[in-house]
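Each chain is listed here by its residues.
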Amino acid sequence: MLWSSFAQASTFMPPQATKVAESVDNLYIFLLVISLIASVLVIAAMIYFVFKYRRKTDNDKTAYITHNVTAEFLWSFIPLVLFMVCFAWGWKVYHEIRTAPEDSYEIYVRGYKWGWDFEYSNGLVSPAELYVPVGKPVKLLMTSSDVIHSFFIPSFRIKQDVVPGRYSSLWFEVEKPGVYQVFCTEYCGTSHSGMLAKVHAVSEEEFDAFLSGKALEALSPVELGAKLYKTRNCNTCHSIDGSKIIGPTFMNSFGMQREFTDGSTAVVDENYLRESILNAQKKIVKGYPPSMPPYQGVLSDEDVKALIAYIKSLKE
Amino acid sequence: MGAAGENYINCAKGLKSWLITLDHKRIAILYVISVLTFFFVGGIAALGIRLELFSPGPDVMNADTYNQFMTFHGAIMVFMVIIPGIPAIFGNFFLPIMIGAKDVAFPRLNLLSWYLLMFGAIVSISSLLFNGVDTGWTFYTPYSIKGSAGVINMTLGAFIMGMSSVLTGLNFIVTIHKLRCPGMTMKNIPLFVWALYSTAIIQVLATPVLGITLLLLVAERVMGIGIFDPALGGDPVLYQHFFWFYSHPAVYIMILPAMGVISELITTYSKKTIFGYTAIAYSSLAIAAVSFFVWGHHMFVSGQSEVAGIVFSFLTMLVGVPTAIKTFNWVATMYKGSVTLKSSMLFAMGFIFVFTIGGVTGIMLATAGMDVHFHDTYFVVAHFHYVMVGGTLFALMGAIYHWYPKMYGYMYNELLAKLSFVFIFIGFNVTFFPQFILGANGMPRRYFDYIPEYTELNRISTMGSWLIAIGFVIGLVTIIQGFIRKEKAPANPWGSKTLEWTIQSPPTHHNFESTPSVSGGPYEYR
Ligand SMILES: [Cu+2]
Chain A
1 MLWSSFAQAS
11 TFMPPQATKV
21 AESVDNLYIF
31 LLVISLIASV
41 LVIAAMIYFV
51 FKYRRKTDND
61 KTAYITHNVT
71 AEFLWSFIPL
81 VLFMVCFAWG
91 WKVYHEIRTA
101 PEDSYEIYVR
111 GYKWGWDFEY
121 SNGLVSPAEL
131 YVPVGKPVKL
141 LMTSSDVIHS
151 FFIPSFRIKQ
161 DVVPGRYSSL
171 WFEVEKPGVY
181 QVFCTEYCGT
191 SHSGMLAKVH
201 AVSEEEFDAF
211 LSGKALEALS
221 PVELGAKLYK
231 TRNCNTCHSI
241 DGSKIIGPTF
251 MNSFGMQREF
261 TDGSTAVVDE
271 NYLRESILNA
281 QKKIVKGYPP
291 SMPPYQGVLS
301 DEDVKALIAY
311 IKSLKE
Chain B
1001 MGAAGENYIN
1011 CAKGLKSWLI
1021 TLDHKRIAIL
1031 YVISVLTFFF
1041 VGGIAALGIR
1051 LELFSPGPDV
1061 MNADTYNQFM
1071 TFHGAIMVFM
1081 VIIPGIPAIF
1091 GNFFLPIMIG
1101 AKDVAFPRLN
1111 LLSWYLLMFG
1121 AIVSISSLLF
1131 NGVDTGWTFY
1141 TPYSIKGSAG
1151 VINMTLGAFI
1161 MGMSSVLTGL
1171 NFIVTIHKLR
1181 CPGMTMKNIP
1191 LFVWALYSTA
1201 IIQVLATPVL
1211 GITLLLLVAE
1221 RVMGIGIFDP
1231 ALGGDPVLYQ
1241 HFFWFYSHPA
1251 VYIMILPAMG
1261 VISELITTYS
1271 KKTIFGYTAI
1281 AYSSLAIAAV
1291 SFFVWGHHMF
1301 VSGQSEVAGI
1311 VFSFLTMLVG
1321 VPTAIKTFNW
1331 VATMYKGSVT
1341 LKSSMLFAMG
1351 FIFVFTIGGV
1361 TGIMLATAGM
1371 DVHFHDTYFV
1381 VAHFHYVMVG
1391 GTLFALMGAI
1401 YHWYPKMYGY
1411 MYNELLAKLS
1421 FVFIFIGFNV
1431 TFFPQFILGA
1441 NGMPRRYFDY
1451 IPEYTELNRI
1461 STMGSWLIAI
1471 GFVIGLVTII
1481 QGFIRKEKAP
1491 ANPWGSKTLE
1501 WTIQSPPTHH
1511 NFESTPSVSG
1521 GPYEYR
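Which chain is which? The protein sequence lines are A and B, in order.
For the first sequence, counting from 1, position 164 maps to 164 in our numbering; every step adds exactly one.
For the second sequence, counting from 1, position 110 maps to 1110 in our numbering; every step adds exactly one.
Just chain B, with the same shape it has in the complex (with noise of 0.2 angstroms):
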């Protein structure tokens, strides 16, 4: 094949060869780069926030800026990084690898869902020309049709990221089934292929409900059809069971890539087989099965019957039962291994850290009589600040360092890497764990001011986002560093298993040389 030392980077030169490419690696590279960029506007926007609620009152900007900063970094951090974050990145780059194929089974679409992401994050961010989105990320009516027209631009830019979003879905469930190397059975695919099997799963079959709520939205506010706003006939609380029917699966989309993350990373790093591979695969599939009818848990006190309230509940109930079986396999496949505390592992036992408190305040969230109290408060949320920041970024963050000599071919500063997790941890629950307390003491969520008893915990908060910012410089400066310091990588410098780390280091155009087979199950450590 290609000369000694040709890979997918200096296979073909030039920015246009990066922009019209249909390799799934240099398209997960292009995701990269975006999704960096759009957290770090996300991140600078929470900040401004946590700034804001360092004292009572105006600090640093009026409340119609603080609700625009809230809007924007919900927007941004659930649309454009936390949905695209995982799959797009590395599900796009070692999917095809892990399963012993050669790319995506439809590249071009590979590529199209990077331009509509980028395409959809341009609209969103074009709603700044009018005065700026205010509803918070969930666009609720009746308000989202009385106030600033930047709502369409926001709306619709968020209409086609989910189209990005069911493609890349498409194109996993397509790869997954039709392009296995010999050998590779449903049963030998690795725990992270599956993660983004079930995850693909629910963007197919949930975004487009997302898709047509946006556009009745922007239809009654354009044409004043009365769908959703009672002054016209329609019904403000449909809007949130549409809302939810899709937002409460697309916390499993954000979420279950993550735990597909972990998995690949405990068996790594513990050198040790998966405890439980089936229960481990299923789980994902009955998180995605069930996610679909829990949607009113959001919606306790909306006015939706009681009985609906008690079936949602129950439901709810239901999709802790397979969570809490991953968390125990995971702290199993780490019972007589051979642990190793690099930094992807740091981030990795973080991650089980953060994501079993994230858990249990869940189950407190579903039990209905409790959340009645908890609803729109910032206990609120800190749960699903400890689910989706603490679970899906400490798995992205595991997930940059873990692959990083695979993807970019050179070694990173493992004493930085580790520095950047302290800073994270600590700092995350320096922020995250006081807002259970203010929420349980009745500080509701969204607020640009709060009483003065409030005070104390709010700094606290404060002071734990720059224990945060710092642990991200870190982070940046590591990944830097790595590639000016340019020491190479090895094939496999974990020593793990999985098919990725057969293959030299950055991988080849055609990622095999001659296509593999394979006889056994992802993690043989024996």
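The following block holds chain A by itself, in its conformation from the complex (with noise of 0.2 angstroms):
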């Protein structure tokens, strides 16, 4: 216990919230202390020598020393040693994170430039919200539907690559409740950044609560279109305040007229919306690369029209 509240408060280490990452913390306090002994004794050792070797005149004789075996078979042997250490127990912790307890709950992931999917075994689908329960062992079944995403939970000392054609899978086991940040690790585009998405770890009670639904269901189009904003990771490239970012602002954009890069023009109705949304390289406006991903079959009729509606809402 002392041990694991020393690695937190003094090794730039996140938050440890399962019993793996207390594992990984304890494997990194064992490398950065040898480190530290390793590295103090070498650089004071050469600081040393520069005062107490300094040249006092140009024809300073030097020793002729060419080699030591006993010196040199024990500065082979010692670091091997602990070489072999650091390896053996490497191995343990990194057997610990790749094995995934029988009985793990097992929930699919989708990865795809860029943002997450979380799929429930009863279909439900949560986008960059993962819901788990505390306490029990949970197993990531991961693909992506584009390139090589990854998937790091700092907080858990743990991250898979996300591979399209293949599952990858990740496990964990959470001890605290709490909200936990997701990263993408595997460099995959513009967005790259901006694909985060967060763990949530809550009580039994609360997991089967948001198993049936009932978190999202009281949300107006509005705010479930303010939400897909930021979980779909659309303000990574569109601002809210009148700013550019990558893609034009959202602010005031309803109603707006816009020209292509093909020469044509359009008003933003409804419908452009709608087909900017699903499908943006079909029109390029002016002045903005064509990094828009497309969203058609990955955003709902449900979730568009909600979009839509907290676009529209952006008015000053």
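Keep in mind the hints are simulated off the structure, nothing from the lab.
All C-beta atoms, glycine included, are put in the ideal place defined by N, C-alpha and C.
Stretches of chain B that chain A covers, calculated by requiring three or more beta carbons in the stretch to come under 8 angstroms of a beta carbon on chain A:
{"no.": "1", "region": "1143-1152"}
{"no.": "2", "region": "1276-1290"}
{"no.": "3", "region": "1296-1305"}
{"no.": "4", "region": "1313-1320"}
{"no.": "5", "region": "1335-1346"}
{"no.": "6", "region": "1360-1369"}
{"no.": "7", "region": "1448-1462"}
Could you use the hints to bring the two separately framed chains together as a complex?
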């Protein structure tokens, strides 16, 4: 206990939320301590020698020492032993990270440019918000629909690449209820750094309530739209304060005149918005890159309706 | 031989005499000019990256531009600066002289290497004509197959530069075997030559794999042959195996020559024979050999099997041993020496300082269970900058100052040179140390934007990059001021023992008046 609270206070690691994280942190402390000792020894010896054996005259005589078998044996053998300890300990932890308990609760994960979908056994799909029960092992079965992504939860100390055309898996058992950050850690293009998600570790009852869909029902279209704007990462390219990020701002966009790269024009209305969201590549607004991904098949009709309502509501 | 005062620089005049030269020393100067130019471009990209990361959200560019900066910085620094850097400049200039030869074994091939590098660089940079490349220097599939068409130019360019690397390596191997002067046994060659020899082996054996991989990538893009893209029945992870099979040994192409330089610097400025010549020489070979079997440590979380992960972790630990041996030997060389803190020695000590930190963090990353957390975070970014920038670039700067009198025949202002060290060393640590903490905290690499918690450390890091920039500007001023001041250099200003210091500065076209012969090791300081 003391060991691990020491780990958190002074080692710059994010808060620990799983047993595995604790194992990783113990290993980390060990590595940190031997690294520190080794570095200090080498650097201190070097600096000491500089002062001790400073050149006094241009004709200084120096000792002619070509080698020393004992010293050389020791400084090859001791590092080797230490490295083997690191290796063996690392193996143990790696095994722990890679071996999911038999009775894990399975959730499907789909990574895409640039977001995450979480699908539960009852068909419920939750974008960017992964709800899991506390104290129960959870196994993620992950795949990608475009390029390679990687699912990383710093507080759990685990990550796994998410590869198109195959399933990879990742497991964890959260010990403390809370909200934990998820990052994408395999470079995947424009909004790689906006490809975020959150793990919500909740009690069994809250998790059941979430599964039966209660959490989402109460939202109005504008509220749902505002939520999707964040969870679907529209916010990484579209601002709502009039500034230009990568795409045009949503503020006051409804009713504006748009000119496209092919020379045609249109007024921003519901149909234009729908088409832009589902298949942005069809018409590219002049002055912007064609970098918006298509959301056809990703967003439901319900979602699109909500997003349109939200965009319309942004007026000042 | 030639008239008094004649040397390789003034023995022929005009641009053409440089562009068709077969003299290894002049070719080295061509490399100096091109590598420094590339370094400037790559450095500007680095400053741009850091500036953008000064605050979360877009500051000075948008995400796509950032990703292109990040790719350009990586590709230029790796393929055009660090890989050719020390071998092509200092290897070309000094390898023949150090073993008492008039030139490399194949002077024409040597010139061709330079032209290939330039041609490859131009092809790479022409990718800017398309909407830039944003894949990162690793060109991971399937992203690289689907993105900007500039990837084709960039990878073809890297392919051509790879050929340049192979030819240089081949040339060096043959030169070392065939052109040593009488008495210059393999036990008597300087350690810098041993390092170049080990490097050359990797260049010749590993680079073709990169070449093939990049060609497969181009074939897939242009002709739609399914090799890496799962949509075409390919396997994207296969690409990673191929890529790292080259690119891991390649990090030793980058660091081994630097280690060789450090061996030269430490003995010279400690005026003492090297401690453990044989151990250092063989550890270079050992590193070269084992480096071929560790590529999988880049892929602990790629989905490769657990067993593969363990095996690669084990083999990676083994590379740590010869590396540690070298470091201890350098420090032991200073023991009972006569140490003078010339600017080159400062860079050598700076090297040992940062390289030690780079090394121990390397062991942390090789520890499989630990790497899962650190992989693809700023911890890795910090680690490889400590090894590659802190290591190779510090050695490069040390080498520039150490051999400057020999190469150009002038002395530089020692005080200015030391000032450049102070800025580069402090700036380097201010820039990259916070990145270890960011990475431990979970900040992923290649991020254009980050969560607000990471702001402070990113700010410090960005400010550090300005210090480094100032340091390099001072370095450039030192070099240029030396040319203007024209203070003549003696043949052996540092009291060094290797052969290049026995001839005039700068050397004559033929290096030696008559073929030298040696009877002992390269570091006979008694
Ligand atoms: Cu991604």
